[in-house]
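Chains as they are written, first to last, in the numbering used here: chain D, 18 to 428; chain V, 18 to 428; chain B, 18 to 428.
Treat the hints as calculated values from the structure; they're not laboratory data. Predicted model only: the values in this text are computed from it and were never measured.
With a straight-line cut-off of 20 Å between C-alpha atoms, the simulated SDA-like cross-links for lysine to any residue are:
no.: 1; chain 1: B; residue 1: K148; chain 2: V; residue 2: A34
no.: 2; chain 1: B; residue 1: K148; chain 2: V; residue 2: Y30
no.: 3; chain 1: V; residue 1: K149; chain 2: D; residue 2: E397
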Amino acid sequence: MLSALLARRRPGYSLEAPFYLSEDIFEADMEHIFRRHWIFAGVAPQVPEPGDYITVEVGADSVLIVRDDDMNLRAFHNVCRHRGSRLCQDHQGSLGNIVCPYHQWTYDLEGKLIHADHMGEAFLREQHGLKKVHLRNLEGLIFICLADEPPADFEEAAARMRPYLAPHRLDDCKVAAQIDIIEEGNWKLTLENNRECYHCMSNHPELTISIYEQGFGYQPGPQNAEGLAQFEHAVNESRARWEAMGLPSARIEELDTRVSGFRVQRLPLDRAGQSQTLNAEVACKKLLGNFEDKALGGLSVWTQPNSWHHFMSDHVVSFSTIPLSAGRTLVRTTWCVHRDAVEGVDYTVDNLTAVWNATNAQDRRLVEAAQSGVASSAYEPGPYSPYAEALVEAFCSWYVDRMRAGTTAAR
Amino acid sequence: MLSALLARRRPGYSLEAPFYLSEDIFEADMEHIFRRHWIFAGVAPQVPEPGDYITVEVGADSVLIVRDDDMNLRAFHNVCRHRGSRLCQDHQGSLGNIVCPYHQWTYDLEGKLIHADHMGEAFLREQHGLKKVHLRNLEGLIFICLADEPPADFEEAAARMRPYLAPHRLDDCKVAAQIDIIEEGNWKLTLENNRECYHCMSNHPELTISIYEQGFGYQPGPQNAEGLAQFEHAVNESRARWEAMGLPSARIEELDTRVSGFRVQRLPLDRAGQSQTLNAEVACKKLLGNFEDKALGGLSVWTQPNSWHHFMSDHVVSFSTIPLSAGRTLVRTTWCVHRDAVEGVDYTVDNLTAVWNATNAQDRRLVEAAQSGVASSAYEPGPYSPYAEALVEAFCSWYVDRMRAGTTAAR
Amino acid sequence: MLSALLARRRPGYSLEAPFYLSEDIFEADMEHIFRRHWIFAGVAPQVPEPGDYITVEVGADSVLIVRDDDMNLRAFHNVCRHRGSRLCQDHQGSLGNIVCPYHQWTYDLEGKLIHADHMGEAFLREQHGLKKVHLRNLEGLIFICLADEPPADFEEAAARMRPYLAPHRLDDCKVAAQIDIIEEGNWKLTLENNRECYHCMSNHPELTISIYEQGFGYQPGPQNAEGLAQFEHAVNESRARWEAMGLPSARIEELDTRVSGFRVQRLPLDRAGQSQTLNAEVACKKLLGNFEDKALGGLSVWTQPNSWHHFMSDHVVSFSTIPLSAGRTLVRTTWCVHRDAVEGVDYTVDNLTAVWNATNAQDRRLVEAAQSGVASSAYEPGPYSPYAEALVEAFCSWYVDRMRAGTTAAR
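So here's chain D without its partners, still in its complex pose (with noise of 0.2 Å):
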């Protein structure tokens, strides 16, 4: 069945129902592109000092992160070797070693065994280590990958973005809030939402204050000739000054014409341009990196399957995407500071949360009634705007391919 739906896909299109209802196609989801591709997991300010771990769920694999003692980040299955124990239950903390709770066998913070009691003298503890999984820090976002032979040109696709992350720093900022919130709804129909904003102006009030809705798509037309020619001045404005700072801005568009698909682009920001916040000004007042001036828009980042995130002077935000079900999804939003920013002197959590929890609702509310609607026998794939959804259609385009090669390779 997946490989006719795959095949007739018609683009420019929603896809068809079973791609958000049926549990055999998450099955193949989860197998084609979260257990092949470069998954983001998590920023590293989670982990700031040796010892400390996450754990970040992809279907039933649990996947340990931890700082080595090296400051090296690592990345192992959080299953132990004897009888198959999850060994760290939390989602973050901090430990020596590694020690399962049921027998207590260690593990160093390389995954080497190094204890395990009762077990007589046959048994060879150099073949028990945990087992590993790929990893790899871009400028402070850390991607895993699950596959044996991760996709290759990550390296090239992570050349092109470093040097618009950069400047910001993340390696050198703390985590200031992190909320994970469950959506209803297949993790395709939150991405597909994530890259538009066709239904930000009727949708969400806070996060409009800041972003231009011309910046993401419009047909053009006598009735917003105004307000497109003002955005563009505002670009053309704002791009002259950013690379003359040295802070690159131009879109890099490799949504779906590569495995590691990705985008990224500065963009101004409306108002008091500075951030996205309810008034548009910093929400920080300690700078990221080594940023003297506020007024550095959006730098936008986008990869395949799973993330989002949003650099600006003061504060990044970061969005992961994690499949739960065919219908239920797990969105964790985290935003990040500089590392000697003082709470309640240089910010305020509510402050910085505010757009981005009254967005992610919105979006939650949006996504559960495009779940329910695609339900409906009377559903059939209704068209994407040519000017308004064409990320939208990226994301589908690169999804479909990928499962094709996926679905082809595994034959």
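Keeping the supplied structure of chain D fixed, place chains V and B upon it in accordance with the hints.
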């Protein structure tokens, strides 16, 4: 499996366990029964004014029932033609046009797409109107059919029921109360429970205040000869009186003799003889229609596959059954009184709803006990009483016939 | 799939993941293990008087265990022969006859249908009696078997356990407490957890007050030589004393050498040496049976597939494991004391239940950590300790043998 089970069904015996337990058969029920037949969806007083709407969920299909500006009732699939979002999330409300919350696609009350931004010059609005659902208003009872070609015999069935229903003027009523309960049981167990009163005396102390236990089948014998004689006297006396008023009362029983199966009968009530209340007196001082006599008994109306109703001199109580899964069923009870009746003066909701709230709760427990029992490996179909369970048999027989027809046609 | 998995099971290693995760294998477990073998269902003190009953749910089957007027225990399927309603909804109670709540069909305590209204002259009551379930009372431990032909070797196994159990006179006890917990894990993980004490020292501070960690397998070495010598001295001293009293204590280990697998052994307890309590002293002043000596250690009894028990001088604690789904298991713990013991005078429930309530909660967490761990794609069966996990291996070996026998027979 289903066709073998249908083929070997033993008349006069309860159905085999998979009919109550299997999610596959549940899907077949939805396909061949609920998406092919006329389904009771609600009462006209739920949508009294232009722009008033309700949504009804039949399986994964959400149906939007709206009263248009010409006072006609219309039904549409509650699904946007753009990316499939559900249009109206609430169970009821009022609107001018139908506006999708996602990207503001806007439809008029006849389902025509009248506005969609950013879709470009080539986009044809007239090809993206809402999909229609068949609807009939039978004297205030709203039936819908999701099939392309609904069963044609509904008009004839409606014509035969109409003279019974019309004098109660349900179209001129208002909804006094509506209560949903969930039964953890198969929808057919809910219907089987409804189609006999063998269980009434030992389970429904409130209902049997007004309902004659003899009204729904019994095995005659010396022990109940006196009660039967009294009941038959009451029937003869009442019917003569009602016929003189022009109120038809004779039983029409077409439950398993046609596609749009139904049954109507007006029977006297016990004690005060006026209404299904805790003292058998009217619950509402303002009588329905042009009625002046309170003692009009109870006009009971059953329709296959999912409704039953009791029309009395003072109020109408109406039940719809909506399957949610093999083991989960929604029962929606709606009480209507004259549109001009005043709460607190002419009636109170507590008194109006007391009998059926209690009865529904009792029936829910019986249905749930049956659902858990038939799951046992020891369950085998047992015999129906030839006296007290003939209408249960009629329900099962209709169901099996319609499923045979549906699965044969589908081949 | 199942037969291939059974065929390739590697002795000495934990089972492959589908044995813990697959709902299909769960159904096979219910079919070949729980509906074919003798299952521990409860203790006789739960139904002390004529008419007392309990219901026990094994998969979708509800079994009604009742004490009849001649003080015999009987077991029936808890399903009415009319339309399949469950007869008794509560977990325990008392009744004269067994009356179906739906239509009042009435059965006596021997299962005979003695009353059914409206069924007509041709109806044969004698063909509609309750369906029987096999039952054995082994010195107060109630076992049931849902198979038509139960395993014949149970009588021999019972004969060998009887001399160990009889002196504790469980039939003359009362239930002091019964507590159900749900473990979010496969029932085999619950049993595997029960069949070793490798995990005890680091997880069960309350239990290891009285239980010698050496009692359930260990790898000898210089570091534990002193502890082992002390333990062996205690064993020898105690066993001599108990044999002189006529209390058998030698280990019988038949866990994987017969269909009705079991193991019994009486071991000394540590410290005060009397009971599994927080101070190792008796929890009940009134001792069981004719006992005068408090230091009778712990008689541990294990039966395949679903129970374990500890008989002490003052109380019996008894555990039954009932699978609910592949990932969900009920563990029911019952504490019994002498029928004449007085709560608040001879014992308090808090003190009696303290150790095993704590231990159960700890084990639940371990089972749940194992369940989530084996779901990982990285899980592979790991090696059992040849010293400390021999009884886990015996459980798995018995399970695999019985499943092979069942699935072969079913072909």
